[in-house]
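Using the hints provided, position chains B and C relative to the given structure of chain A.
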Amino acid sequence: MAFRDIRGYIAALERHGEAVRIKEPVDWDLEASAMVRLACQLGSPAPILENIQDYPGWSLAGGLFSNYRRAAIAIGLDPDLHPSEILNLYHRRSKHPIKSIIVDQAPCQENVITGEDINLFELCAPYLHEGDGGRYLGSWQFVATPDYDTDWLNWGMCHLMVHNERTLGGLLLPQDDIGVMFYGKYLPHKKPMPWAAVIGAEPLTTVVSAAPYGRGKSEVDWAGGLRLEPVELVRCVTQPLYVPANAEIILEGVVDPEDLRLYEGPVGEYTGYRTSPRMPRVAFRVTAITFRDNPINCVACLGVPTDDADMMAAVLTRSDMLTMLEINGIPVVDLCIPPQMVSHAAIVSVRKPHSYVGNRVATLLFGTKNTGMNLQQLFVCDEDIDVFDIKQVLHAFATKCHPKRGITYYDNQPATPLLPHLSYEERLLGRTTKVVFDCTWPLDWSPMRDIPVRGNFWDMYPERTIEKICDRWQGWGYPQDMRKVWEEGKARASWK
Amino acid sequence: MAYRDLREFLDALEKNGELIRIQDEVDWDLEAGAIIRLACQLNGPSPLMEQIKDYPGQRMMGGYFSSYRKAAIAIGIDPDSDVPTVLDAFHQRIKHPIKPIIVNRAPCQENVITGDDVNLFDIVSPMPHDGDAGRYIATWQFIATPDYDTDWINWGMYRQMIQNEKVLGGLIIPAQDIGYQFYTKYLPNKKPMPWATVIGTEPVTTIVSAAPYGIGRSEVDWAGGLRLEPVELVRCVSQPLYVPANAEYIIEGYINPTLEDRAYEGPWGEYSGYRTSPRAPRTAFHVTAITHRNNPIHTHSPLGVPVDDSHMAFTILCRSDMLNVLEDNAIPVVGLHVPPEMVGHTVVVSIKKPSPNLANLIASLLFGTKNTGLAIRDVIVCDEDVDVYDLDQVLHVLATKWHPRRGTTLYDNQVGMPLIPYLSMEERIWGKTARMVYDCTWPLDWSPTRDIPVRSSFWDIYPERVIEGVCQKWQRVGYPEDMKKIWEAGKKLASWE
Amino acid sequence: MHERPNRRLAVHKGFGWGEDAYEIKQREGREVYDTIILDDSLDKLLQEQEKEVTFSIRLLAPENRRMKYCFRMVKARISKDAKRYPDILLIRSQRGLLFPGNWSIEVLEMYKDLQWVAHTTGVLT
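Protein chains in written order, with my numbering: chain A, 0 to 495; chain B, 70 to 566; chain C, 49 to 173.
Everything labelled a hint here was simulated from the structure, so no lab data went into it.
Mixed in with the good hints there might be a few duds.
Stated by the list, open to error - FRET-style restraints, in silico, Cβ to Cβ:
| no. | chain 1 | residue 1 | chain 2 | residue 2 | range |
| --- | --- | --- | --- | --- | --- |
| 1 | A | Asp449 | B | Asp123 | 49 to 59 Å |
| 2 | B | Asp157 | A | Pro352 | 42 to 52 Å |
| 3 | A | Leu259 | B | Leu430 | 45 to 55 Å |
| 4 | B | Ile498 | A | Pro330 | 27 to 37 Å |
| 5 | A | Lys489 | B | Gly547 | 36 to 46 Å |
As the list claims (entries may be wrong) - Calculated pairs, EDC-like style, for lysine to aspartate or glutamate (alpha carbon to alpha carbon, straight line, at most 20 Å):
| no. | chain 1 | residue 1 | chain 2 | residue 2 |
| --- | --- | --- | --- | --- |
| 6 | A | Lys22 | B | Glu550 |
| 7 | C | Lys116 | C | Glu71 |
| 8 | C | Lys73 | A | Asp28 |
| 9 | C | Lys73 | A | Asp53 |
| 10 | B | Lys122 | A | Asp470 |
| 11 | C | Lys116 | A | Asp148 |
| 12 | B | Lys554 | B | Asp151 |
| 13 | A | Lys403 | B | Asp481 |
| 14 | C | Lys160 | A | Glu164 |
| 15 | C | Lys123 | C | Glu79 |
| 16 | A | Lys216 | A | Asp148 |
To be verified - Derived contacts from chain C toward chain B, CB cut-off under 8 Å, selection only:
| no. | residue |
| --- | --- |
| 17 | Asn54 |
| 18 | Arg55 |
| 19 | Leu57 |
| 20 | Ala58 |
| 21 | His60 |
| 22 | Trp65 |
| 23 | Gly66 |
| 24 | Lys99 |
| 25 | Glu100 |
| 26 | Ser141 |
| 27 | Gln142 |
| 28 | Gly144 |
| 29 | Leu145 |
Positions of the beta carbon are idealized from the N, C-alpha and C atoms, including for glycine.
For reference, chain A alone in the conformation it holds in the complex (with noise of 0.2 Å):
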């Protein structure tokens, strides 16, 4: 059932009218990097180039993950499913992890490169955006490291610039679990650190690397747990570390402690600004390459929205704030991370059994690891707002957040350097300010006299005239089964 490799994947993307092929000769120099933003930016299938202009057998292909159809389609689901099927499906799936399997033969191993035949440039690493600082060979793609002294395999998804022909350079923040191994454990010990960044594994295997599950927990076994079968893996070449057997590409090498840095950045980044300043960073060493046949490099061309980037969020960081909110016993109806604000905003929609749900919803999620870095900006709603609808939730804004009462500021919050709204001092510092907004009625205010009624269809008038009219519809000319609509929503809008 799952897609064994990303060539499965593609086949189904283009089976669904969400991917296009494309034989005509594209540049790599930023040519490449434009579709596919372009792409993201319309909504549109991604692109599958398979004429690369100076890398003849390579193909590139970009926003494999960018809307909610992909990612059902990813899981394994009926792509026109309400995203919120979609979701909650992921998140119940990602509770039960499958350990992953060794295998001797693999597909990423079908050329193998090493020592000083070793040269970044012979790979097909596209220019992302004008004016960035180099060309990254890593946009869509995980870098694996083993722990130090325990058996806990990290994944994480980040950047990979290409220095010169066998380095590459990166951020590698002390707060992510790499940063945690490297900084806590290889660097006191002076011991290099091992890692691979892996190329075009199936969807699952890739995206599971941006999630934020925290230290010591493994993202492979999620991986499988997602794809409801075990990963295969296959050792390394040069390093004791194993890897997606059936990846497009794997480099293999090593961050030693006893390097001096490397000026890196900037690049656009997922906020849809290339925000990050140009600074010292770590360089990644590379003791081998290993591909397949004709191989495929994905890439992510991050901006402004909808791309793969806003899509992860939306899938994966819901399910990690779902998780925490469950635990606490909040009385969370629905999540909704919303793309268009590209991981910088919840919307969360409660029952609501005690004042001030909202900001014990918020400081749950501002205190988390990865999950709330991110998130600037918690939208509390009642929960008869479909959160996954960006209008209900700008109605339920526009009418229902008192500037003062309903709005709590939390100050001295860490950020990261990446926030575009932040100063150069508190990049410096990592400080902002975040911000719950509380859309829903004030506890206190009696539902007789002071809460409004909404004019909506659905709650203005009684189900006998909802139906009639339901019934009808098309049969007056109006194209939409309202008749079906509201046989399947009619258990929704009652309050039983």
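Below, chains B and C without anything else, positioned relative to chain A:
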């Protein structure tokens, strides 16, 4: 060129696929309102209901102005024009008012009922929403009132509920034009105030009455300007007052110059998308005559969640009024949008940035204006590179450029309206609210090369040669969008010239 | 949604996007490189003119096109005068914006190794 009456406009809607004729019998009691409501919520064609239970010969319709397409048809421009084109067409036309002309014979007086024969229940008034306090004869119409001592005629869109055969009840707020006329002139002079309710005109004549034109300014002339042709007026049969000759129904009457003549009115579902206003003793409107066309069509708007006619009227007319204020004050506005999805509570402005704290200059100007400012809760100010007509872009800047501390200014103790849903009962009684400014522009002291992030949009972050190459290729490689045309049409916008 | 080109941000006007480097190379018959500076202005760079300086450049028009954007540490002389030295040097800001006006460069030595620098502490890693 202009539509002579509602019927000509309905033909135009039908030609553009924006009208559905319903021959089934429909009940005026909730059902008609529910049908219009659903059509608005689905952003569908307007329903014209030709058989109304208990009222043979009378028809009902609604939702004829609930989208940009319908608004474009209302002023006779291409229905597929993009949003700013539609908005700017209204804004340009409204700057050139045209005086009305008077006619002697009028379709609206084909049937005349006066004196003891007047019975408001003979008109097909809907019960708009379940739980409303009564039948509302007037939900999408306007009331014309002559000033006491000048020749100004005010048109305003104020609701009216049926109390009994000859009395309507309605809300007259002192801050509105009709309230200004009544409370500062007729009442102190102890003279009855004549009024006429006009139901069923082509849209622009009705929507201008919802616009905030200010004291002493006549909506009639603005309607003429929007139509590019004068409005035809006729004298009422029982009151010293002129009304549109081609309307479907006219109800004439007077208000007694006393504060004692009151009737409990309300609640009913409002523009905000809620039934918010309290039930309270309100003004009694006494009826002296009813006139109507043969086979009249009643226009009704069961207000509620977006997008319905009231939101579009706001989006178009309040915008125009705000633009005038900002233009008069030389604010470098690039775009201004009142998203209908946010029921007029939120205004999004994009500016070229010339001076510090411009966002607050804009906000205080807008918060201070008469009707326009009353409904606004917040102003979102963006840089010129944001398309304010695209909500997704606005959400993106709110999520990425708005700093919750530096970018926020709270305006406390502002004038509030009782209809605002988020106000507590106490705040409603005292008319007190707070307002907000979300400044989503890059701070003036940020360096362009070190601090201001570069936006990573296809249109920003690639050289023109790459954009052009990709747009050329786009359809050839299998995508449907004609990017070549989009680029040609928008190239100038994208350049820094 | 109807996509249409955005207006561009006025404060970034003048920091135009680059011409294709190979076109420049062909037209002028000179090598083309760029460098990324951290400072907000060109002041520091102006002081470095006509001295022997060691810094990082990117190859923008190498013989093997696959090598485009590769970093090299060089010992070189630079000048604001576009004609003074044999090759062309473009200057970018750390936001990736291109400063107007080409500089010129004479590469005295090109090293295989990269320009290593010290670790800066702080959140901005």
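Margin query: Next item in the hint list is C:His60. Is there a CB on chain B closer than 8 Å to its CB?
Written below: 6 Å, holds
Item checked: Straight-line alpha-carbon gap A:Lys22 to B:Glu550, limit 20 Å -> 19 Å, holds
Next item on the list: Double-check C:Gly66 for me: the hint is only fine if its C-beta lies closer than 8 Å to a C-beta in chain B.
Entry: Cβ of C:Gly66 sits 6 Å from chain B, so the hint holds.
Note to self: C:Leu57 was flagged as interface toward chain B. Is the shortest Cβ-Cβ separation under 8 Å?
What the structure shows: Holds, because the Cβ-Cβ distance from C:Leu57 to chain B comes to roughly 5 Å (cut-off 8 Å).
Notebook entry, point to check: Are A:Lys403 and B:Asp481 close enough, with their CA atoms no more than 20 Å apart?
Noted result: 8 Å, holds
Notebook entry, point to check: At the C-beta level, are A:Lys489 and B:Gly547 separated by a distance inside 36 to 46 Å?
Noted result: 42 Å, holds
Margin query: Would the hint on C:Trp65 be counted as holding, given a Cβ-Cβ threshold of 8 Å to chain B?
Written below: 4 Å, holds
Next item on the list: Below or equal to 20 Å on CA atoms is what counts here, so check C:Lys73 against A:Asp28.
Entry: 16 Å, holds
Item checked: Satisfaction of hint between B:Asp151 and B:Lys554, Cα-Cα up to 20 Å -> 15 Å, holds
Item checked: Proposed proximity, C:Glu79 with C:Lys123 (alpha carbon, max 20 Å) -> 16 Å, holds
Next item on the list: Tell me if C:Ser141 is really an interface residue toward chain B, meaning its C-beta lies closer than 8 Å to one of theirs.
Entry: Hint holds; C:Ser141 Cβ to chain B Cβ min 4 Å, cut 8 Å.
Notebook entry, point to check: Should the interface hint for C:Lys99 be scored as holding, given a Cβ-Cβ cut-off of 8 Å against chain B?
Noted result: 24 Å, violated
The structure is inconsistent with the numbered hints 1, 11, 24, 25, although it conforms to all the rest.
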